[in-house]
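Counting from 1449, one number per residue, gives the positions in the sequence shown under this note's numbering.
Simulated from the structure, these hints should not be mistaken for laboratory data. Glycine included, C-beta positions come from ideal geometry on N, C-alpha and C. Possibly wrong hints are sitting among the right ones.
As the list claims (entries may be wrong) - In silico DSS-like cross-links for lysine-lysine, where the CA-CA straight-line distance does not exceed 25 angstroms:
hint: 1; residue 1: Lys1544; residue 2: Lys1559
hint: 2; residue 1: Lys1544; residue 2: Lys1470
hint: 3; residue 1: Lys1559; residue 2: Lys1528
hint: 4; residue 1: Lys1540; residue 2: Lys1559
Unchecked claim - Quick list of simulated restraints, FRET-style, between CB atoms:
hint: 5; residue 1: Asp1538; residue 2: Arg1500; range: 10 to 20 angstroms
hint: 6; residue 1: His1579; residue 2: Pro1551; range: 39 to 49 angstroms
hint: 7; residue 1: Val1575; residue 2: Gly1481; range: 42 to 52 angstroms
hint: 8; residue 1: Ala1569; residue 2: Lys1544; range: 22 to 32 angstroms
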Amino acid sequence: MTENPGPQESIATAQRLNDAMKRLRARMRAESGQHATGLSATQLGVLASVVREGPITAARLAAVEHVSGQAIAQSLAVLKAAGLVHSEPDPKDGRKKLMSADPSATELIDKLLTGRATFLAHAIAQVIAPHERADVDKAVELLERLADADLNEAAI
């Protein structure tokens, strides 16, 4: 590739990255035992956010997850029915509800995250040569920058 790739090369690279991330996410879900939970990836993402951010309002949760309030409501309904989250009135504003995770939800999320990290650690050890490990660190740094990109800011 050239120093400054053209639009077609950028699009091709973006598609390869998207495809690789999808495959890696699917593999991590399978290896961590996520499928056995009976919860969708979206529901588990919402649950992880409640564990990490809670107590939290549904509106704040929708913002954190970058989804609509309706999508959050649907996921929360499933998680409540499973006994993984519960709500209580917000002491600052009784019209709002704060969502909190059940201790079993924290255990579940910890188990899944540990399973994913274990899979990745083993995969890195088996597939990535020691002299390539710095490349993995750089790739992670670049992915973090992409995840944090604010495309609404003026280009520098």
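Outcome of the hint check:
1. For the proposed pair Lys1544 and Lys1559, the alpha carbon gap of about 31 angstroms is over 25 angstroms, so the pair is violated.
2. For the hint linking Lys1544 to Lys1470, the alpha-carbon distance of about 36 angstroms lies beyond 25 angstroms, and the restraint is violated.
3. For the proposed pair Lys1559 and Lys1528, the alpha carbon gap of about 20 angstroms is at most 25 angstroms, so the pair holds.
4. Between Lys1540 and Lys1559 the alpha-carbon distance is near 33 angstroms, which puts this suggested pair outside the 25 angstroms criterion.
5. Judged by the Cβ atoms, the range 10 to 20 angstroms given for Asp1538 and Arg1500 holds: they are separated by roughly 19 angstroms.
6. Roughly 44 angstroms separates the CB atoms of His1579 and Pro1551, a value that falls within the hinted 39 to 49 angstroms.
7. The beta-carbon spacing between Val1575 and Gly1481, approximately 21 angstroms, falls outside the hinted interval of 42 to 52 angstroms.
8. For the pair Ala1569 and Lys1544, the beta carbons lie near 40 angstroms from each other, so the given range of 22 to 32 angstroms is not met.
The structure fails to meet hints 1, 2, 4, 7 and 8 from the earlier list, while all remaining hints are met.
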